[in-house]
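Undergrad: Sequence:
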Amino acid sequence: MVKKAIFLMMAALLVFTAACSSGGGSEQGSSDGSVTLRIAWWGSDARHEYTQKVIDLYKSKNPNVKIDVEYASFDDYWKKLAPQAAANQLPDIVQMDISYISQYAQNGQLEDLAPYLGNQIKVDDVSENVISTGVINGKQYGVPAGVNVLGFQYDPALLKTAGVDAIPENMTWESYEALGKQTADKGLYLDGGVAPDIFFHYFLRTKGLSLYNAEGTGLGYDDDKLFVEFFGLMRRMIEQGAAPTPDVANQTKGIIEESDLVKEKGIGVWQWSNQFVALQQVANRPLDIAPMPGPDMEKGLYMQPSMYWGVTSNSKVKEEAAKFIDFWVNDVEANKLIKGERGVPISGAIKEAIAPELSDATKQVFEFVAAMEPKASPMSPPPPVGSPEVISSLADVVEELNFGKITPEQAAETFRKNAESVLANNK
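Reading the sequence shown from the start, the letters are residues -21 to -1, 1 to 406 in mature numbering (1 follows the signal peptide of the UniProt record, and there is no 0).
The set of hints was computed from the structure by calculation and includes no laboratory data.
Any given hint could turn out to be false.
[As the list claims (entries may be wrong)] Pairs of lysine to aspartate or glutamate residues, derived as DMTMM-like cross-links and limited to a Cα-Cα distance of at most 25 Å, are as follows:
id : residue 1 : residue 2
1  : LYS396    : GLU379
2  : LYS318    : GLU236
3  : LYS186    : GLU352
4  : LYS118    : GLU298
5  : LYS342    : GLU277
6  : LYS204    : GLU378
7  : LYS354    : ASP47
8  : LYS406    : GLU392
9  : LYS396    : ASP202
10 : LYS160    : ASP275
11 : LYS204    : GLU156
12 : LYS318    : GLU352
13 : LYS330    : GLU368
14 : LYS342    : ASP202
15 : LYS139    : ASP203
16 : LYS186    : ASP164
17 : LYS118    : ASP305
18 : LYS297    : GLU156
19 : LYS354    : ASP104
20 : LYS160    : ASP226
21 : LYS330    : ASP104
Please read all numbers here as calculations on a predicted model, not as lab measurements.
Can you make the complete structure from the sequences, with help from the hints?
TA: Here's what the structure looks like:
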């Protein structure tokens, strides 16, 4: 009897241990029909607050679903996600950035959502150019939470104090540089500098090229004169006083309240459309958005997901996770809470339904994105594995260039060497 009791205790212990150590996401639905989802995202306190309201709304409409939440700042989010991925214990639903989605997809940590599209996730009024941005190597690993487009966000009144009535129509990089000379003569920056990878990539697209090649094994351009042309212009903007020096820019980087535009020292800033509302609120004066420079702006322009929702491979409740993503995309009440903070909604019906609920600044964003969408070209494939290191290297090289420590030619050569070394690992 003692031996039998010990055997039964050991068996029970093994079952408990196996249950505790089994791969990651939530348990499957219990016998009473209840389901537990885990969802993770990054963002500000304001994002956390309304996302929780969306989740509460979902639970009120789906009382059998319990949802556990995990959120952090952008940097801390990825530090937290990495060990969860290694342990096969990722949340069921994860917010994915364009810089990381390829890595998680290729590591087998994201589920192909293609079988859920048109079933659990309704996408019949979503542009193919938009939904296809979540496709990597032929599989749908992400559904955009919203979309953005690049533009120049600026203060029209401040522009007029520099003696310029309006941003030139069909602006080119050459006319942009000329405009910078005019604003610098009045002691005003034209812009606060550009994010090197985003805007160099846009510039390359206007030439029919890309920052990365299609395979993700190298850079997408062969002629370093293109690097010299673009970043040489950015360097000249600093030299003529149309953009701040790196030491000045570094003091305010990422702090909206300290930006030159908010302090009325700069005319505008190049950034994504979903960043406009926060800028407008802090500036507390009328701002506007102008299209990107050309020539061939239409080739360069693209609708980019602000971020994606993905379902993890280790989830045991994938269908329920897909239903939540559908709720995010297609529920009117939910989107009245979201108000386009994660980018302009991808559903045409939702855009129309929530328009009356929007602030004036958000309406400006929706209108700008609507005006740019017909002009946009399909997005390049998501950045390959290793792209965060490539982007970091580019930022370092461009900073040295902008400090005047190296020439544009030296910067181009150094960046190519560093980038090709990282991307060669994908061959």
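Undergrad: None of the hints should be skipped; say for each whether it holds.
TA: Consistency of the hints with the structure:
1. LYS396 - GLU379: holds (16 Å)
2. LYS318 - GLU236: Roughly 22 Å between the alpha carbons, so the hint for LYS318 and GLU236 holds.
3. LYS186 - GLU352: Holds - the C-alpha atoms of GLU352 and LYS186 are around 19 Å apart, at most 25 Å.
4. LYS118 - GLU298: Holds: LYS118 and GLU298 sit about 17 Å apart, inside 25 Å.
5. LYS342 - GLU277: holds (23 Å)
6. LYS204 - GLU378: It holds: about 18 Å lies between the C-alpha atoms, which stays within 25 Å.
7. LYS354 - ASP47: violated (41 Å)
8. LYS406 - GLU392: holds (21 Å)
9. LYS396 - ASP202: Holds, because 13 Å separates the two Cα atoms, which is no more than 25 Å.
10. LYS160 - ASP275: holds (23 Å)
11. LYS204 - GLU156: Answer holds: LYS204 to GLU156 is near 18 Å, not above 25 Å.
12. LYS318 - GLU352: holds (19 Å)
13. LYS330 - GLU368: violated (36 Å)
14. LYS342 - ASP202: This hinted pair is violated, its Cα atoms lying about 41 Å apart.
15. LYS139 - ASP203: Violated. LYS139 to ASP203 sits at ~37 Å, over the 25 Å cutoff.
16. LYS186 - ASP164: violated (32 Å)
17. LYS118 - ASP305: Distance ~18 Å between LYS118 and ASP305 Cα, so the pair holds.
18. LYS297 - GLU156: violated (51 Å)
19. LYS354 - ASP104: Holds, at about 19 Å.
20. LYS160 - ASP226: This hinted pair holds, its Cα atoms lying about 21 Å apart.
21. LYS330 - ASP104: Since the Cα atoms of LYS330 and ASP104 sit roughly 11 Å apart, the hinted pair holds (cutoff 25 Å).
When each numbered hint is compared with the structure, violations occur for hints 7, 13, 14, 15, 16 and 18.
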